[in-house]
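Enquirer: One letter stands for each residue in the lines below.
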Amino acid sequence: MTLSIIANGRRRTLETPPDRRLIDIIREDLHLTGTKEGCGSGECGACTVLLNGKPANSCLIWACQVQHGEIVTIEGIAPPEGLHPVQEAFVQEGAVQCGFCTPGMILSSVALLATNPNPDREEIKHALSGNLCRCTGYSKIFRAVERAAESLRNGK
Amino acid sequence: MISQSPSVVGSSIPRADAIGKVTGRTKYGADYSMPGMLWAAVVRSDRPHAEISAIETDDALGIDGVEAVITAGDIPGNNVVPVVFRDQPCLAENVVRYVGEPIALVAAATQEIAREAAGRVRVSYRDLPAVFDPRDAMTPDSPKIFGDDNVVKHWRIRRGDPTQAFKTADIVVEDTYRTPYQEHAYIEPQAMLAIPTSGGGIEVLGAMQCPFYVQWALVEVLGLPYSKVRVIQTATGGAFGGKEDVPSLVACQAALLAMKTGRPVKLVYTRREDIRSMSKRHPAWIRYKSAADKTGKLLAVEVEYILNAGAYATLSPVVLWRGTVHAVGPYRCENVQVDAYAVATNTVPCGAFRGFGSPQILFAAESQMDRLAEALGMNPVEIRSRNLLKMGDTTPFGQILKESVGSEEALDLAVKQSEFASKYRSFPAESKNNRIKCGIGMACTFYGVGLGAGGAHLARTGAFVQMLADGSVQFAVGTTEIGQGMETVLGQIVAEELGVTADRVSMLPVDTSRVPDSGPTVASRATTMSGQALRNACNPIRKILLEEAALTLGCSGSDVSLARGYAADDRKEIEISQLAARAIKQRKHLASQGFHVAPPTSWEEENGQGDAYVVYSWATHVAEVEVNTATGEVRVLKIVAAHDVGRAVNPQAVEGQIEGGAVQGMGYAVMEHIPMENGVLQAEDLSTYIVPTSKDVPDITSIIVEHPFSDGPYGAKGFGEHPLMGIAPAVANAVAHAIGIHISEIPLIPERVLAAMGK
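Each protein sequence line maps, in turn, to chains A and B.
Taking our numbering as reference, the numbering of the first sequence is continuous, increasing by one, and the terminal residue is 156.
Taking our numbering as reference, the numbering of the second sequence is continuous, increasing by one, and the terminal residue is 915.
Worth double-checking, as some hints may not be accurate.
For each label pair, taking beta carbons as the anchor points, the in silico distance ranges come out as [unchecked claim]:
no.: 1; chain 1: A; residue 1: GLU123; chain 2: B; residue 2: SER209; range: 43 to 49 Å
no.: 2; chain 1: A; residue 1: GLU28; chain 2: B; residue 2: ARG278; range: 26 to 32 Å
no.: 3; chain 1: A; residue 1: GLU28; chain 2: B; residue 2: ALA625; range: 36 to 42 Å
no.: 4; chain 1: B; residue 1: LYS728; chain 2: A; residue 2: GLU81; range: 53 to 59 Å
no.: 5; chain 1: B; residue 1: PRO665; chain 2: A; residue 2: ILE6; range: 33 to 39 Å
no.: 6; chain 1: B; residue 1: PRO296; chain 2: A; residue 2: GLU28; range: 28 to 34 Å
no.: 7; chain 1: A; residue 1: GLU123; chain 2: B; residue 2: GLU907; range: 42 to 48 Å
no.: 8; chain 1: A; residue 1: GLU81; chain 2: B; residue 2: GLY218; range: 25 to 31 Å
no.: 9; chain 1: B; residue 1: SER843; chain 2: A; residue 2: HIS68; range: 30 to 36 Å
no.: 10; chain 1: A; residue 1: GLU81; chain 2: B; residue 2: PRO381; range: 25 to 31 Å
Here are the simulated DSS-like cross-link-like pairs (lysine-lysine), alpha carbons at most 27 Å apart as the crow flies [what the hints assert, rightly or not]:
no.: 11; chain 1: B; residue 1: LYS744; chain 2: A; residue 2: LYS125
no.: 12; chain 1: B; residue 1: LYS546; chain 2: B; residue 2: LYS445
no.: 13; chain 1: B; residue 1: LYS588; chain 2: B; residue 2: LYS300
no.: 14; chain 1: B; residue 1: LYS572; chain 2: A; residue 2: LYS54
no.: 15; chain 1: B; residue 1: LYS183; chain 2: A; residue 2: LYS54
no.: 16; chain 1: B; residue 1: LYS323; chain 2: B; residue 2: LYS445
no.: 17; chain 1: A; residue 1: LYS125; chain 2: B; residue 2: LYS794
no.: 18; chain 1: B; residue 1: LYS453; chain 2: B; residue 2: LYS588
no.: 19; chain 1: B; residue 1: LYS744; chain 2: B; residue 2: LYS572
no.: 20; chain 1: B; residue 1: LYS744; chain 2: B; residue 2: LYS699
no.: 21; chain 1: B; residue 1: LYS851; chain 2: B; residue 2: LYS579
no.: 22; chain 1: B; residue 1: LYS323; chain 2: B; residue 2: LYS450
No wet-lab data here; the hints were simulated from the structure.
Glycine is no exception: its CB is placed at the ideal position from the N, C-alpha and C atoms.
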């Protein structure tokens with residue numbers, strides 16, 4: 001099929017089998033390797049991207065499901081030389097260790113803060129419950145999301 | 157202006173690798189591609205023990221896009237992936253010994269084709285009798301997997317006269333404990349890219365802890381000299397021991413196909429393949445008997461400790477050794493008998509996992525301490541304080557503790573912070589009539605830092621440091637960043653040594669061609685060992701900077717301090733970047749190699765006595781739980797962890813290790829396990845192997861205790877494994893406090909808790 005999507009703000013048109021996974025299109029055709037594959041079955045959340053503004057496991061989505069859709073990956077949430085407030089907060093709070101879950105974790109956090117600018121701890125835990133992290137014990141990730149929420153509310 | 161700066165060491169600067177990781181720019185093994193690259197897939201055994209009668213590859217080779225199929229006969233070098241022994245083949249030859257064992261390799265144009273072709277390689281088997289339980293494997297009529305008795309290794313400790321001590325003791329408690337498989341569940345599956353070089357050699361890059369292990373395996377399997385084998389670590393998405401020895405297998409698989417086809421070959425495991433075939437924490441069976449007198453003095457300990465090694469020895473002998481050394485826990489005890497066995501079965505080989513053979517035995521040891529306390533009417537703090545190893549004491553394996561013993565301070569701080577004493581008294585009464593009962597429990601642990609006598613021949617590290625014309629600094633080491641924060645911490649050490657700010661220091665990718673064999677990145681050794689090697693490397697550079705500064709400032713070199721990017725005496729200062737430019741113009745050598753060898757250790761095998769490790773880190777964990785007596789569910793609400801780390805080079809990174817280890821330990825305590833049936837693991841993905849999610853996380857309080865270690869950089873000791881080690885017994889003791897029943901098997905899943913309560 002001829003697939004037409006907007007990826008990180010740019011229109012992309014490419015030929016692909018309709019049953020190709022979105023993650024493969026992102027990583028192999030668009031060369032956006034910040035989206036990670038941890039399990040291939042929607043259990044770990046490492047492949048999370050924003051599809052039409054909502055977090056989605058890109059390993060479970062087929063090309064034919066995203067026709068004319070808008071996709072944002074980790075490479076697309078901030079300008080090349082800057083950091084999104086969520087990225088900045090992850091750096092400052094020490095919320096990153098091995099980093100493999102980080103892109104997915106950040107996109108789930110961005111999606112949460114887009115709809116809920118002042119989440120409490122339980123709401124953060126709920127929003128991130130589809131993203132596994134095996135390094136940090138999550139605690140510093142929660143603090144990073146709280147810090148990012150505050151900077152976003154303060155218009156930073 | 158004279159700069160009076162806070163030191164770089166000891167400050168919580170953000171991680172050096174954080175920006176690359178939050179922007180998605182950091183490349184992991186699977187993110188690399190090459191022109192002309194092929195994809196690999198592995199054909200694996202679906203039998204636990206069988207003779208291979210035939211391997212038919214024609215079907216697979218006939219698929220469009222398949223470039224090569226390899227079996228054991230195609231291996232140019234030795235068919236062995238060496239670890240401690242040389243019993244594990246790279247590809248099964250004649251016999252398979254576990255489900256998931258590699259038999260053949262396929263290279264094809266795409267990953268899909270490679271995987272399809274692997275499924276079309278037909279292996280015919282003749283089944284052999286198999287054995288799955290290590291205690292069955294120790295019986296005389298068991299099928300033999302390893303040697304003539306399946307015992308991969310037996311370690312012992314003999315001290316005093318336990319038999320006599322048990323006869324005369326006031327209190328004796330004994331039980332049998334069991335612990336499960338634990339899967340590392342690093343989020344990044346194993347991944348490797350192998351590239352043939354123009355000189356007939358190989359370059360391999362990918363996820364790993366131990367590039368020099370990978371190099372050694374490639375030398376063996378490919379039959380190449382070391383000089384033609386180069387291994388580069390990419391960013392690695394979690395390891396925890398699960399990328400210690402097994403990446404050698406992955407690398408050999410990709411490299412064999414690369415050498416055969418003359419093209420780059422990438423191999424990325426599926427999650428299922430990874431869980432099925434890669435190493436795990438050994439399941440353990442432990443019989444533990446302890447004796448005390450009326451005052452709570454620990455008189456004697458007798459332990460039988462059996463690990464299920466799986467089908468090959470891999471790291472089991474040294475995992476077992478660490479378990480043996482830690483068998484009594486951090487206590488004085490004059491009468492000790494430990495018999496520890498790693499036993500081969502027809503199951504996936506177990507290996508390294510954070511704690512390395514100690515979490516299993518410490519679960520038993522620390523459960524026993526609570527039972528002794530209960531029998532004596534003491535509280536858990538009293539009995540531990542009564543016996544805790546202190547400076548100058550002799551360990552149960554005969555080592556006199558000469559420095560850096562923060563055991564008491566860690567205990568005191570954890571007990572105070574957690575309000576242990578009052579909660580221990582009040583919880584039973586408070587939840588007496590409730591369905592949900594609260595409990596609080598604790599565990600004291602110690603951790604032998606580094607490889608110790610069990611791996612003394614590997615206890616050295618190399619380093620390279622270079623200051624460039626703008627005063628920025630590059631360094632290289634042979635240990636790896638695997639998420640633990642090594643890159644940042646070592647950068648801080650280099651910055652401190654050379655007086656520059658940490659943002660001026662960059663780590664080069666870990667590459668076997670840059671520094672000499674530095675041993676593995678295991679045993680919480682990277683900060684101490686590479687840190688010391690880097691300090692050695694910095695010395696000559698620092699000397700040149702001081703000389704240049706003295707000349708420029710018109711003072712003596714001994715009056716100059718280097719800090720925060722400036723060289724200064726008490727009147728003037730000059731930027732280090734200017735000194736560097738000047739020194740380089742004068743053809744001074746601003747680059748240097750460093751090397752560090754660990755101080756001596758010893759182990760006398762017959763009686764298990766010796767100076768096992770150079771130094772120990774010390775910890776106390778307190779866990780607060782609630783147990784739903786109707787459903788059996790255990791929720792861990794709070795964890796307080798106090799750790800003597802010698803010196804926290806980066807306190808935020810130390811906290812990160814404590815929090816991550818606590819949650820991994822909590823998973824081990826209450827949810828993680830893999831049932832095994834006839835050699836087949838019954839969990840093969842992350843929906844059946846359950847690890848803690850964000851919703852399971854308790855409130856964690858980290859307490860850093862600093863009793864400096866003279867051979868650690870700025871006093872630092874290794875401790876990255878330690879945060880996991882005391883959690884399971886602290887949680888189990890808290891559950892026992894809540895429901896009044898000790899459960900001697902983890903994880904404390906609802907059905908087990910209900911069964912223990914007779915429901």
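Enquirer: Among the hints numbered above, which are violated by the structure, and what are their numbers in rising order?
Expert: Hints 1, 4, 6, 7, 8, 10, 11, 13, 14, 18 and 19 are the ones this structure does not satisfy, whereas the remaining hints hold.
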